[in-house]
Amino acid sequence: AAMISHLGYEPNYYDYRVESISCTACYGYNYTAWSNWFLKEEVLTALNVCGDAGQDAFAGSAGGCISMGAFDAHDTFDYSAAVARTLESGV
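For the sequence shown, my numbering begins at 243 and goes up steadily by one.
Calculated directly from the structure, the hints in this document are not laboratory data. Cβ coordinates follow ideal geometry from the N, Cα and C atoms, glycine included. If a hint is listed, it holds; no wrong ones were tucked in.
Derived Cβ-Cβ restraints for the label pairs, each shown as a range: (1) Glu283 - Ala243: 44 to 52 angstroms; (2) Gly293 - Met245: 42 to 50 angstroms; (3) Ser331 - Leu289: 31 to 39 angstroms; (4) Gly332 - Gln297: 39 to 47 angstroms; (5) Asn290 - Gly250: 44 to 52 angstroms; (6) Gly302 - Tyr256: 16 to 24 angstroms; (7) Ala324 - Glu261: 24 to 32 angstroms; (8) Asp320 - Met245: 22 to 30 angstroms; (9) Asp294 - Tyr255: 24 to 32 angstroms; (10) Asn254 - Gln297: 22 to 30 angstroms; (11) Gly293 - Phe319: 27 to 35 angstroms; (12) Val285 - Ser322: 33 to 41 angstroms; (13) Cys265 - Glu330: 33 to 41 angstroms.
Starting from the given sequences, assemble the full structure and let the hints guide the process.
As structure tokens, then:
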């Protein structure tokens, strides 16, 4: 709430300089054109995609996302600490 108040808009998840947008295929950005590109026959052929692989992620309003369920529900790994250690080491 403080960041939104400071910026004057709700920021994009990945780039706070850009305002977040909402639509059926949006996840901060509108991924529709990108998703449609991945489903073009020539792209599928060039990437050697078999059958309907990619449909779950790119068709409709998925925006490149797939449901992973609660795959990390019981995970105790501290991802934030790992990122912090990486950044602190200068990587």
